[in-house]
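Using the hints provided, position chain B relative to the given structure of chain A.
Residue numbers (the numbering used here), protein chains in the order written: chain A, 83 to 377; chain B, 231 to 525.
Don't take each hint at face value.
[Said to hold, decoys possible] With the C-beta cut set under 10 Å, the calculated list includes, among others, these residues of chain B facing chain A:
#1 Ala248
#2 Arg293
#3 Ile294
#4 Leu317
#5 Asp328
#6 Tyr381
[To be verified] If you want the footprint, here are the derived chain B segments under chain A, 3+ residues with CB under 8 Å:
#7 267–279
#8 344–356
#9 488–501
Keep in mind the hints are simulated off the structure, nothing from the lab. No experiment lies behind these values; they were computed from the predicted model shown. We treat Cβ as the ideally placed atom computed from N, Cα and C, and that holds for glycine.
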Amino acid sequence: MVDTAVSVPMQQPSRWAIGFRRGGARLWVGGAIVAALILVALLAPWIAPHDPIEQDLLSGQLPPAWMQGGDTAYLLGTDSLGRDVLSRLIYAARVAVVVGFVAALLAGAIGITLGLIAGSFGGWIDQATSRLIDVWMAFPPILLSIVLAAVIGAGLTSVILAIVVVDWTRFARIIRAETAVQLQRDYAMAARVIGLNRGQTLRLEILPNLVPLVVTLLAVEMGVAILVEVILSFVGISVAGDTPTWGGMIAEGRQIIYQSPWVMAFAIGCVIVSVVGFNLLGDGLRTALDPVQRR
Amino acid sequence: MTAVLSIQDLHVTIGRGARAANVLRGVSLEVQPGEVRGLVGESGAGKSMLGRAVLGLLPADARIGKGGIAFAGRDFLTLPERERRDLLGRQIALIPQDPMTSLNPVKRVGDQIARVLQRHLALSRRQALQRATELLAEVAIRDPQRVLDLYPYEISGGMRQRVLIAMAFGCDPSLIIADEPTTALDVTVQRQVLQLIERLRERRGAAILFVTHDLGVVAKICRTMTVMHAGRVLEDGETADVLTRPRHPYTRALLAATPRADRPADALRPVPPALIESLWSEAHRLDRLSIVGGT
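Only chain B is shown next, with the shape it has when bound in the complex:
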């Protein structure tokens, strides 16, 4: 079985010359068809950068030093711009982090869902709007017909996230990158949105790369997980294995720092600064080696 997403030894640098900073230092990971892979790590670990690299949304001053991204066996980085755009939205979709700002404020909800359907599925506007109604019903929005006619500012944050989820699943993509899709939502809404993503995935069978810093979310919906820090993969495996028998000290520290209902609150320990320190100095040592090695 070909992996739907295969990232090999990906290096990404932001900025040039003396101000250049490595954000990804040789990341490799694979997502199999239908797999839900959690991608966890603290802020600055490079997990969002990885998602953006896959979507071709790296900032203008970012550079892919070496490594490759393959989508369903096709080299994504050398793909002509036009062919890549045909894949975006069609085969690879994004559930963005912030539902409040990710919808166009001056476009009706219906038009925005219809746009992606019309772009990829050769539907007429009417058919696209009809399909959008079905999609909204599928993400459990009551009275979808009426919501189509509303503007984003007229609906709640949870509802906007549902709309974005509907858009992501709209063309039945084979890979969805969910970039912390529940971070900006209330805890009660978070649960519903997670259930929704899970249910849609079961029905549609898309693979999901679930970027998050919440181990609880990973435990709930991801079968496999990857732990990142300082732009490197530290640990990778079945979620159940990683969470019960973490091999890397950083993963262990992360678990100890996560609140759990079955443990007293005072058992919580922050990730030891010395550990973080040593991880960063290791990363910087690798940077120096790669410069000497002349990549």
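Chain A with its partners taken away, still in its complex shape:
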């Protein structure tokens, strides 16, 4: 027996370590930005220097502390009603994070389920789902969200709903195509040969292979959801008026852009950094998780 025995090379460093190293700078920078965003959102009441809706009409439109006429009590200045910009940005992160995560996860759950079904059954089920996605995607997405949010009414739930209803197609389309591809692979055939049924094959064999793709899609979708929420609150159909949102701050800042441009600038900066952060994280995770690139 010894003549044909084979052994494997000695143990390499941990797979997690290799994966993280391969994810590279994108994974680290993206992860740091997203982690910071989540922390800020969670800890808002403790780290915000002021109440975000507390008005100080005597010190309205103060510039940031380091500029001429700034006040160190208001690090990033105040808006036209004398509310602290920094505190408002911090509280607005809560809305962004909740919308980003909940909307992306829900849209993902619906889209992935439909994508798996369409991709694995094929035939008329696939045709019907694919045509539905085509029709759905023919609507301008932002417009559809705005109409939906307007119809359902303002509030956090309706913002999330509006995003989910529009964005499930992003998942469904890609997961459908990838499921069909994976089912053609030899390992999927091998799964059927050991007697697994369609559901088991999808759940136990195909889905784990889609994880890198799903994670990437989720991360990117979180960024997209934040962006959509900003647009909805910019046009004033997001959460209630007294809850600070980045979109709302951009809308307010627009009115006083010539007197105090920082209000708008800081809010826009927050949006850009968060969306870039989610995209970097998604990219990094894809590289880190992809088994094909592990070779």
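Just chain B now, with coordinates in the frame of chain A:
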């Protein structure tokens, strides 16, 4: 003694209407318990299609026109889907052609072996993993405990084929379909894998339908053999008889085209094109007859 596999006059067509192509034109063969039957033929002879028909893995547009497949006396084609799945992996197993792609890339080796054991033998995960360790030791893998924890991309092609062989023999099936299991391997590894299959078969007593285009392999491990061409069986019998006293001109031509150590290299002759031509036109004539006959 009931044959473990009995195929009667099997016709399989791929595609519909004008694009329909016959891939099996009335194939009959039997595999007795414990028998190793070689199934040889050139590319396109329909030998892999035959294996896939037995496993219920025909492509979606394939149709079984007439004929039957019986497994241990039970009609396999009319068996309800669920009962057929209970047989797959349990009583009928596959050793696939390409070890590089037939394992799930994102699942640990141990989990993949355990999956088939858990599916059919009502073992707990622990017991299944324990059994998987024994199986890996049986296919001559050193340090099986550690290999269980590895991913397919971390082991060599020969080792992956051993893992697949371990999976095939895992539930002690009575029939194994080996679909060119050594084609994708190095010549040195091929030998070891063949010895391994032979040894396991002696110990476990499964019948094997060994699909290959390599007459050398057939001579080495198959007691009986079937020669196919253009979806038909041309010759069938004990390997020793067929190889020493081939009756069909195609088998003779095939033998003349096979390199052997005891013959000079210039004695090699390709299979005469005229012979192939006449075989195909005969096959097509049969097709026309069966259409006229209205099956």
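Hints versus structure:
For B:Ala248, the shortest C-beta to C-beta distance to chain A is roughly 22 Å, which exceeds 10 Å, and the interface hint is violated. This hint is violated: B:Arg293 has a C-beta 16 Å from the nearest C-beta of chain A, more than the 10 Å allowed. With a cut of 10 Å, the hint placing B:Ile294 at the interface with chain A is violated, because the nearest CB-to-CB distance is about 17 Å. Of the supplied interface hints, the one on B:Leu317 holds, with its beta-carbon coming within about 7 Å of a beta-carbon of chain A, less than 10 Å.
Interface restraint check: B:Asp328 against chain A, minimum CB-CB distance 6 Å, threshold 10 Å, status holds. Interface restraint check for B:Tyr381: the shortest CB-CB distance to chain A comes to about 7 Å, inside 10 Å, so the restraint holds. Requiring three or more residues with a Cβ within less than 8 Å of a Cβ of chain A, the coverage given for the region 267–279 of chain B is violated, as only 0 such residues are present. Only when three residues or more bring their CB closer than 8 Å to a CB of chain A does the claim for the region 344–356 of chain B stand; here the count is 4, and the claim holds.
By the rule of at least three residues with a Cβ nearer than 8 Å to a Cβ of chain A, the coverage given for the region 488–501 of chain B is violated, with 0 such residues.
Hint compliance for this structure: hints 1, 2, 3, 7 and 9 are not met, and every other hint is.
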